[in-house]
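Visitor: One-letter residues, chain by chain:
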Amino acid sequence: MNQDLTYWLALANLPKWGPKKTISLIIQFYHEKKLTIDEFFQLPEDAWRNEFGLDSQAIEDLKNAQTELPNQAFLAESLLNEGYEVIPVTSPEYPVTLKENLKSQAPVIIYVKGNKQIMKEQSIAIVGSRSASDLSLTFTDNIAKLASQQYKVVVSGFAKGVDKQALDSALKYKGQSIIVLPQGIMTFGTGFKTYYRQIVDGDLLVFSTFHPKAPWKVELAMARNPIIYGLAREIYVAESNEKGGTWYGVVDGLKKGRKIYVRKPDENEKNANEKLIGMGAIPVDFTGKALESYLPQSSQTTLSLVNEPLVKQLGKRSRPKSNQEPKQKGLFDD
Amino acid sequence: MTRQEAESILREKFKLDRFYDEQWQVIEKILRGERVLLIEKTGFGKSLCFQFPAILFSGVTVIFSPLIALMRDQVAKLNSLGIPARCINSEQLQEENQKIIEDSMTRKIKILYIAPERQENAGWIEATRRMNLSMVVTDEAHCISVWGHDFRPAFRRIINLVNLLPAGMPVLATTATATKKVEADIADQLGGKLSIIRGNLMRENFLLYVIKVNSEDEKMIWLGQNILRLPGSGILYTGTRVETEIYSRWFEFNHIPSVGYNAGLDPASRIAIETGLMNNEWKCVISTNALGMGIDKPDIRFIIHTQIPQSPVHYYQEIGRAGRDGQPAYIILFYNPKDRELPEAFIEGGRPAISRYKKVIEAIKNEMLGEKDLTRKTNLKQTQVRVITADLIEQKIIRQVTFGRSKKFEYITGAKELDTKSFEALRAIKHSDLDNMIGYVETTGSRMKYLCAFLGDTDQRTFNNCDNTGRKKLHVNVTPEWTEKLKMYRENYFPELKVESTRTRLVNGVAASFYGVSNVGRVLHRCKYEAGGEFPDFLISLTLKAFRRKFGQEKFDLVLYVPPTKSGDLVKNFSSTIARILGFPVSHNLIKARQTEEQKIFENGALKADNVKDAFIFDDPESIHGKNILLIDDIFDSGATIKEIGRYLSKLGAAKIAPLVIAKTVGGDLV
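Chains as they are written, first to last, in my numbering: chain A, 312 to 645; chain B, 36 to 706.
Please keep in mind that the hints were generated in silico from the structure rather than gathered at the bench. Every residue gets a Cβ at the ideal spot worked out from N, C-alpha and C, and that includes glycine. Fair warning: there could be bad hints in the mix.
[Said to hold, decoys possible] DSBU-like mimics (lysine-lysine), calculated; alpha carbons at most 35 angstroms apart, straight line:
1) A:K475 with B:K134
2) A:K581 with A:K427
3) A:K471 with B:K134
4) A:K374 with B:K507
5) A:K327 with B:K134
6) A:K554 with A:K570
7) B:K134 with A:K431
8) A:K475 with A:K456
[What the hints assert, rightly or not] Have a look at the derived ranges for each label pair, beta carbon to beta carbon:
9) A:W527 with B:K648: 38 to 44 angstroms
10) B:K648 with A:D563: 57 to 63 angstroms
11) A:P526 with B:K648: 37 to 43 angstroms
12) B:K442 with A:K485: 28 to 34 angstroms
13) B:G405 with A:E585: 50 to 56 angstroms
14) A:D349 with B:E531: 57 to 63 angstroms
15) B:G640 with A:L354: 56 to 62 angstroms
16) A:E404 with B:G405: 27 to 33 angstroms
17) B:R440 with A:E585: 46 to 52 angstroms
18) A:T401 with B:I306: 50 to 56 angstroms
19) B:K456 with A:D563: 33 to 39 angstroms
20) A:D349 with B:N167: 16 to 22 angstroms
21) B:N235 with A:T401: 43 to 49 angstroms
Input sequences plus hints: build the corresponding full structure.
Guide: Encoded structure:
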């Protein structure tokens, strides 16, 4: 067990410190000054001020965090005892995809339960509205099936509609999945009961970036969307309305330069898929195949999903460990 | 802070003059935020090593202790000095514990004692987030180690917690009994920068004796003849719960003021006995090893064991309570070569068969299960399920998680296979410990040195405080008068059947004897299973005697008997005879509603209860209303059948149901 966890919990939960501020501090002490987190916490106030340029408010916050360390130790102990793992951004277990995608906005620590290895696999996110049409759900099922056949992990947000379909389909097709929670991981109680077998079998990872005891909130659900995108190499949108989580998530993703694949809607569908395509998302057909006429770059004709060699679809258990492979980029990744 | 300054505070707050050097050595380290393991004998004053720094710290000091009696004791002492201390435990009301937690958060409490199991309570964990904590103490730290004599799984979480505590937070672990192996294990688990302070364990004021006997009778006779001749008051440790009852009735029979104590008693009775012991209300408290650890009575003048403990460490721990005031204390151990069997059974039976481990693993792999469901699914005894799950948690194959108020076991993704080698190593060590305990009986040298050497204390001084080193040997003098007395006692001693509850009209009943202690059990077995004919007359007269002793001239409206699963009309005929002699009407209308299995094939109480649930009906239900009923059976084991019939008859409106049986089994609870 790692004493550092206590310090990480303290650092990650500093009031009103966004990830950006915290991450830049971590870069300073961990990467530049080569200090461990407990060494950093034990530095005198002067050092915080002079060597790290922290202002008096920040120092005050750190001092408060220091007095609360024993309390964090109790929290850490109960987390670990219940089988949750806490992974700081400096850990080799921290998902590389998330760090690369979110950069300075990456969460300082993540809380997980289940098979951690899943975070090292190739991954796709399937997102969409809570009240999606049957058509969108069938699309979701299709994409999840293809992903599972190619040993790609399906990342979803555990909301009703598309998210839930993505998860259930991935598990149905014996694939692996990551649930990104809109709440603290310790509040997911019944979910752990529902997905007990899948967790035991190593096919599921439950993932959260919020304080472990935080209950579900709209704000957390919104804040979770960039995490879903961040964890995935490819992003598929089954259905989006013109506002709400999916919409803002896609808009934000496009702004950050992510390639986002949106199901090409039928003519009479009432949703905002077409609009997202107009804003730069890439339309795909029912099997995830990119529709050439819409593509900005003619060289890219199919998605990585349908491009995988068939032979890889056989013998799931003999899959090589992807963390030992050179890092692969999806066809549509930058 | 200098020692002088500290001692001036000590005088003011604790009314004590000065620290021992070793105490001050520990306190200095604690005040500097260091981690210390302190191994010192009982009576040394270990508590002061954390109580003193605790009053100097601004926040709360949390002390994990497995001993409720000790916690209560120390809290009372601290409060009498005006130091705000409290204790959270499972025997207090929820509201009371809640209030204490709140007071700790608002800094009204300086010292908080708490059972290690509390670390599993969600409310407590929540509260710790808002407490200002200054120090963590683990009392009885040997419970951390599987190599110790009293490993307790709940301590695992305390270790995990200590390993997560930030640098600079003082941690103190204390114990009076740790071999070198246990010491190394504790140090390893507590990790990192830990100072170990070990004092000498010799107790010069102990007077150590071993009395070799050839039977239970000899032990009882020696005690009957001699216990009143010992100075002051003390404790008699027996091997099992039933024996606490047998010995305390024997002492009663001999007009020796005494009381029986075991872990099965309700909290109020336990507190009353602990208080009575402090106030010398009895010559002797007769107890399993559930009593005594941490009782802070300075003048326990004797500790006698009727059963040899499992190891010299157990023994040292149990006798450690005597003579804390430094005055002479008699330490007597009875030994009958047959006594080896009980600790051996503990060692052999302590670990269930590997196939049972596998059964448990499979069940948990399949679904998340609470302890009760797991017990049902596997048809294992609850005690076995506890041993198995504790081992599996230790091996990181399963873990216990909390869902609201319930706890469930879950399988750990990617866990390793069960490692059985560690069980074998542990068993080998326990056998060798038992051999060493018997070595204590057989040694011709100083007994004190023998014990201390086992604990890793190598004092070179000579001692003259045992029956091998100058003190007179003790022997049993069996006289016809005392043999007769013992026979009289046996024929007049009837075990109680504790079945009373607020939910039914059952009252406590009586058995004519214990199954297995006299020839009653043999006779019953012959009649029931070897076609030995009707129950003989002596069983009828013994049962009638038991009835008279318990119920006197009380009248019953109706005699019912438990319809048998197998043994034909034996109980029917027996009950009819008893009813005829007592002059009460007997009814044959209590019958089985469905076929049940024999209770003895089920290993746990939950399945026994399931087996008989709704299994009985009474043909003429209205006639039960308002009746006082005598309910007869041959053997009383878990009591599940009697309780089920009691529940059913209460529902039909019976006014009272009193059980009467021929024999009560001895098995079951040991402490």
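Visitor: All hints are to be evaluated individually against the structure, with a verdict given for each.
Guide: Against the structure, the hints come out as follows:
no.	hint	result
1	A:K475 with B:K134	violated, 43 angstroms
2	A:K581 with A:K427	violated, 39 angstroms
3	A:K471 with B:K134	violated, 42 angstroms
4	A:K374 with B:K507	violated, 67 angstroms
5	A:K327 with B:K134	holds, 32 angstroms
6	A:K554 with A:K570	holds, 20 angstroms
7	B:K134 with A:K431	violated, 48 angstroms
8	A:K475 with A:K456	holds, 14 angstroms
9	A:W527 with B:K648: 38 to 44 angstroms	holds, 41 angstroms
10	B:K648 with A:D563: 57 to 63 angstroms	holds, 60 angstroms
11	A:P526 with B:K648: 37 to 43 angstroms	holds, 40 angstroms
12	B:K442 with A:K485: 28 to 34 angstroms	holds, 31 angstroms
13	B:G405 with A:E585: 50 to 56 angstroms	holds, 52 angstroms
14	A:D349 with B:E531: 57 to 63 angstroms	holds, 60 angstroms
15	B:G640 with A:L354: 56 to 62 angstroms	holds, 58 angstroms
16	A:E404 with B:G405: 27 to 33 angstroms	holds, 31 angstroms
17	B:R440 with A:E585: 46 to 52 angstroms	holds, 51 angstroms
18	A:T401 with B:I306: 50 to 56 angstroms	holds, 52 angstroms
19	B:K456 with A:D563: 33 to 39 angstroms	violated, 55 angstroms
20	A:D349 with B:N167: 16 to 22 angstroms	holds, 20 angstroms
21	B:N235 with A:T401: 43 to 49 angstroms	holds, 48 angstroms
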